[in-house]
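J.: Sequence:
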Amino acid sequence: MRIPQTTIDEIKQNTDIIDVVSEYVKLEKRGRNYIGLCPFHDEKTPSFTVSEDKQICHCFGCKKGGNVFQFIQEIEKVSFAEAVKHLGERANIKVQTELSSQKQDIASDDLVMIQMHEELLDYYHYLLKKTVEGETALKYLYSRGFTDEMIDQRKIGYAPDASNFATDYMEKKGYSLSLGYEAGILSRNESTFDYYDRFRDRIIFPLPNAQGRIIGYSGRAYHDDQTPKYLNSPESPIFQKRKLLYNLDKARKSIRQQDEIILLEGFMDVIKTSEAGLHNVVASMGTQISKEHMTILKKLCKNVTMMFDGDFAGVQATLKTGQALLEQQFDVFVIQLPTDMDPDEYIEKYGAERFLEFVSNEKKSFVSFKLKQHQQEIQNNDLAFEKHYKVFVDDAALIQSQILRQKVVQEAAELFKVHPDSLLNEVESRHPQSHYQQTPAIQQTPQPMRLSKNEKAERAILKHFFNDKSLFLRFYQDIEESDFTNEHFKRIFNVLQEYYAEFEQFTISDILGYIKHDDVKETLIQLVDYPLNHNPYENEMLDYISVMTSNRSTETLETLQARLNEAIRIGDSDAQKYYLEQIVNRKRESLRSKD
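Under the UniProt record's numbering, the first residue of the sequence shown is numbered 1, with each subsequent residue one higher.
These are computed hints drawn from the structure, not numbers from a lab. There could be a bad hint or two in this list.
Under the rule of at most 30 angstroms between Cα atoms (straight-line distance), these lysine-lysine pairs were calculated in the DSBU-like manner [claimed, not checked]: (1) LYS250 <-> LYS364; (2) LYS387 <-> LYS364; (3) LYS44 <-> LYS363; (4) LYS469 <-> LYS54; (5) LYS63 <-> LYS299; (6) LYS320 <-> LYS44; (7) LYS12 <-> LYS29; (8) LYS453 <-> LYS463; (9) LYS387 <-> LYS26; (10) LYS490 <-> LYS463; (11) LYS64 <-> LYS302; (12) LYS370 <-> LYS302; (13) LYS173 <-> LYS291; (14) LYS372 <-> LYS407; (15) LYS291 <-> LYS370; (16) LYS63 <-> LYS243; (17) LYS12 <-> LYS298; (18) LYS349 <-> LYS387; (19) LYS372 <-> LYS302.
Taking CB as the label site, the calculated pair distances span [claimed, not checked]: (20) LEU356 <-> ASP259: 14 to 22 angstroms; (21) ASP259 <-> HIS41: 21 to 29 angstroms; (22) TYR530 <-> ASP259: 30 to 38 angstroms; (23) GLN257 <-> HIS41: 19 to 27 angstroms; (24) SER401 <-> ASN189: 52 to 60 angstroms; (25) GLN375 <-> ASP224: 35 to 43 angstroms; (26) ASN14 <-> ASP259: 21 to 29 angstroms; (27) THR507 <-> ILE545: 20 to 28 angstroms.
What you are looking at is a predicted structure, and each value in this text was computed from that prediction instead of being measured. Every residue gets a Cβ at the ideal spot worked out from N, C-alpha and C, and that includes glycine.
Please model the complete structure; the sequences and the hints are all you need to start from.
T.: Written as structure tokens, this is what we have:
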């Protein structure tokens, strides 16, 4: 079932590509465009450009881009229809097509696995909130400070104490049990190969990916004798801990606004701190920070604050994670909780208001935090003094902010009992320029290209057609597909005609949505940036058309000559006379055009 074009157009009109892309990429305004690190490939120099005027995006590195629907398709890995639904929900516009029932939109097993998780979660949530079976688990959540609003917002559920609940449910829905096993929802007896429920008698916390799609569960024990305390989904094609930052789907906007991510240890901390009013929080599911995590973070902001548990293990995790982030050119900060407290416990003891005040007042540079851990050793051990001095200089040189570097050096100079200027000079001598500063902005103005006369005419014609629809209506019928020497231009011209014939309008963004091949999209994006300094006069357009159609005469003469030869061969005098006259006329036209 096709989504009505009117719905697509309404969504497009109510969606700004800058706002959408900004939810995934930290953008900076450069001239008329915005620029940021490409979300589709790893890079240090920003090459991803978004045009507010044209409502398109493009990466000069990997060449990916397009209109807002294509951006969502690529970054969310969804079909066009699902991209429309996603943006429709964002714009509060109802999309009539029920995507979940359209088998043609399910592009892979990965999407089926996600659908399994989401449908089963609906049932788990119902069991928790509406049945006698879920009452004990629900009371436990209430005792831990969860409200109905929090439970509904996070869609927390309950998996009953049965080995075949999810198994039977999936069979009734027509899902493959082997795929349910691969997705991590089911377990399997390796002797009998029978499938059974992985999550039994546990509170179910859904684990969404960066786009808010459910890719796994964490089953929380709520009885004292239950082990383990948390049972997570196993690694699967859709769930990899090294790539998951819990709550990123909800925190992205706040992260962009504050240019800061607060990194916590676990999802329970995230839920409680979010409820307390801290919205730019994510968690790495208890794993060490990974290369994939840092790639995700780098595309969102440059400031990362860690708030791990206040125990020994939490401090060690802070040191290890902070060093990894520092070496990846983040400005790194630490909020150190009181000993043996986690964020949830702090909020429960002191309340949300005091917690937010603590977060605001206790944020320290990671380099200063690290140095403080060795303060006694530095003061009492001369050998350790030299070692930590060298480490500090190397660490401080990695701080991206010059103001922060100076502040950290000032504090360290007191500990090392050296002159601040001397220490600062040593740090500055080792400071590599930030990747945010070391490369100039990408040259946005297209560089002059050596083009043939025909290509110049073809580019100019198409450029003017996009700039002024009246020129398209005036001249497009004077041009044929065969007049284009460039195959990409030919395809663009065809799509332009087809689109206008159906919708009686067009924009660059519209046409990009109809072009399937990335290389043709790239040509169109280059085309719209092609410099033309003025609106053309009619004679100028006719000159372009004359250049493009000049090949017609040559091709026609060759065709006519071949037909004349065939008429001579078979002795058809009437045909000979007709084709001879046509050849003479074509040659006269050619001579006149040269004059």
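J.: For the pair supplied as a hint, LYS349 and LYS387, confirm whether the alpha-carbon distance does not exceed 30 angstroms.
T.: 40 angstroms, violated
J.: When you check the alpha-carbon spacing of LYS64 and LYS302, does it fall within 30 angstroms?
T.: 24 angstroms, holds
J.: So if I understand the rule, the pair passes when the alpha-carbon distance is 30 angstroms or less; does LYS320 with LYS44 pass?
T.: The given pair, whose Cα atoms are some 23 angstroms apart, holds under the 30 angstroms limit.
J.: Quick check on a hinted range of 35 to 43 angstroms for GLN375 and ASP224, using CB atoms only.
T.: 41 angstroms, holds
J.: For ASP259 and HIS41, compare the CB-CB distance with the range 21 to 29 angstroms and indicate the outcome.
T.: This hint holds: roughly 23 angstroms between Cβ atoms.
J.: Please test the hint of 20 to 28 angstroms on the beta carbon pair from THR507 and ILE545.
T.: 24 angstroms, holds
J.: Assess, step by step, whether the Cα of LYS12 is no farther than 30 angstroms from the Cα of LYS298, and give holds or violated.
T.: 29 angstroms, holds
J.: For the hint 19 to 27 angstroms, verify it against the beta carbon of GLN257 and that of HIS41.
T.: 26 angstroms, holds
J.: Are LYS387 and LYS26 close enough, with their CA atoms no more than 30 angstroms apart?
T.: Violated, because 38 angstroms separates the two Cα atoms, which is more than 30 angstroms.
J.: Using the Cβ atoms, figure out if SER401 sits within 52 to 60 angstroms of ASN189.
T.: 56 angstroms, holds
J.: Given a hinted range of 30 to 38 angstroms, is it respected by the beta-carbon distance of TYR530 and ASP259?
T.: 35 angstroms, holds
J.: Could you see if the CB distance from LEU356 to ASP259 stays within 14 to 22 angstroms?
T.: 18 angstroms, holds
Figure legend: structure checked against the earlier numbered hints; hints not met, in rising order: 9, 13 and 18.
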